[in-house]
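Let's have the full structure, built from the sequences with the hints guiding it.
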Amino acid sequence: MAERKGKRSRGASSKDLKELRKKALEVIKRLRPLYESPKLELEFSTPFELLVMAILAAQESDKRVNEVRPALFAAFPTAREMARARQEKLEELIKSINFYRRKAKLVIECARRLVELYDGEVPKEVEKLEELPGVGRKTASMVAGCAYGTPALIVDRHVHRVSLRLGLTKEKNPDKAEEELRKIVPKRYWLEFSLLLMTHGKRICKARKPDCGSCPLTDLCDYFLSVCPQV
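Under the numbering used here, the first residue of the sequence shown carries the number 419, and numbering increases by one thereafter.
There's no promise every hint is true.
Under the rule of at most 20 Å between Cα atoms (straight-line distance), these lysine to any residue pairs were calculated in the SDA-like manner [as the list claims (entries may be wrong)]:
no., residue 1, residue 2
1, K546, A565
2, K588, K481
3, K627, D637
4, K436, D574
5, K447, K627
6, K620, L460
7, K436, D640
8, K605, D574
9, K457, H576
10, K481, F491
11, K588, V645
12, K588, D640
13, K457, R555
14, K546, P569
15, K436, G585
16, K523, F491
17, K441, R583
18, K481, Y518
19, K546, Y566
20, K481, E509
21, K447, L638
22, K441, C630
It is worth saying that the hints were derived from the structure and are not from the lab. Model, not experiment: these values are computed from the prediction.
Here it is as structure tokens:
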């Protein structure tokens with residue numbers, strides 16, 4: 419078993435990749451009718467709003483972040499206005515979410531960088547987004563994909579968990595898992611794949627108690643087959 423894991427970590431064979439790609443496409447095919455037009459649960463109307471909302475959503479529920487959105491963007495609708503915000507004022511508007519002081523600081527720093535580097539506009543490229551304060555790979559991919567339609571894999575905790583259970587990746591690190599998934603999932607399906615797995619992870623393939631009885635993917639799922647090997 420250890421030898422097998424070692425081989426996988428150095429890269430799957432072309433045969434393995436072909437089988438994994440086939441599985442990924444089957445996953446997309448089966449989840450499409452279950453989640454028609456999947457989308458983020460974070461609410462936004464501009465790329466800047468999504469960028470800020472994604473920063474605030476770290477270790478917090480989308481529902482709670484959505485609740486602070488109206489007042490937040492009524493006060494600071496653009497990067498230029500957010501860059502001039504007093505941190506105490508911003509903290510007051512978002513104090514109901516986890517780590518609000520740290521997040522207020524990051525949002526202001528991010529807005530200032532947008533003004534300095536991009537005249538207040540949010541860039542479309544994942545690599546440029548990653549250079550902004552408070553923006554990691556997941557957030558950068560989310561903004562590029564969902565605000566601009568740029569092909570992007572969003573490997574949040576739900577996508578990562580479902581991919582691991584399905585056996586599409588064995589990487590525990592989300593960034594490394596994304597590297598593997600980029601080889602498996604055709605680029606034109608990256609965003610759809612991400613949103614489908616994100617939704618599936620929230621509704622059925624939950625972290626603590628997956629509802630395998632309602633899942634259309636059990637015959638493709640390494641986790642389910644290991645728990646129920648007779649199936």
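Verification of the supplied hints:
1. Between K546 and A565, the direct Cα distance comes to roughly 15 Å. Compliance with the 20 Å bound is thereby established for this hinted pair.
2. In summary, the hint linking K588 to K481 is not supported, as the alpha carbons are separated by about 30 Å, beyond the 20 Å threshold.
3. Restraint check for K627 and D637: satisfied, since their Cα atoms lie roughly 18 Å apart, inside the 20 Å limit.
4. A C-alpha spacing of about 24 Å is found between K436 and D574, which places the hinted pair above 20 Å, so the restraint is violated.
5. Between K447 and K627 the alpha-carbon distance is near 24 Å, which puts this suggested pair outside the 20 Å criterion.
6. Distance check on the hinted pair: K620 and L460 sit about 13 Å apart at the alpha-carbon level, within 20 Å; holds.
7. A threshold of 20 Å between alpha carbons decides the hint, and for K436 with D640 the separation of about 17 Å falls inside it, so the pair holds.
8. Taken as a hint, the K605 and D574 pair is honoured in the structure, with Cα atoms around 18 Å apart against an allowance of 20 Å.
9. Annotation: proposed proximity of K457 to H576 holds, straight-line Cα distance about 14 Å (limit 20 Å).
10. Our distance criterion of 20 Å between C-alpha atoms is met by K481 and F491, whose separation comes to about 16 Å.
11. Only pairs whose Cα atoms come within 20 Å are accepted, and K588 paired with V645 is accepted, the gap being roughly 17 Å.
12. Between the alpha carbons of K588 and D640 the distance comes to roughly 11 Å, so the proposed pair stays at or under 20 Å and holds.
13. For the proposed pair K457 and R555, the alpha carbon gap of about 19 Å is at most 20 Å, so the pair holds.
14. Only pairs whose Cα atoms come within 20 Å are accepted, and K546 paired with P569 is accepted, the gap being roughly 15 Å.
15. A distance of roughly 14 Å separates the Cα atoms of K436 and G585; the hinted pair therefore holds under the 20 Å criterion.
16. Between K523 and F491, the direct Cα distance comes to roughly 16 Å. Compliance with the 20 Å bound is thereby established for this hinted pair.
17. For the hint linking K441 to R583, the alpha-carbon distance of about 13 Å falls within 20 Å, and the restraint holds.
18. Distance restraint check for K481 and Y518: the Cα-Cα separation of roughly 15 Å lies within the 20 Å cut-off, and the hinted pair is therefore satisfied.
19. Of the pairs offered as hints, the one joining K546 and Y566 holds, with about 14 Å between alpha carbons and a cut-off of 20 Å not exceeded.
20. Taking the CA atoms of K481 and E509, the gap is about 18 Å. The hint holds against a cut of 20 Å.
21. Under the criterion of a C-alpha separation no larger than 20 Å, the hint pairing K447 with L638 is consistent with the structure, at around 12 Å.
22. At roughly 18 Å between alpha-carbon atoms, K441 and C630 fall within 20 Å of each other, so this suggested pair holds.
When the structure is compared with the earlier hints, violations turn up for hints 2, 4 and 5 and for no others.
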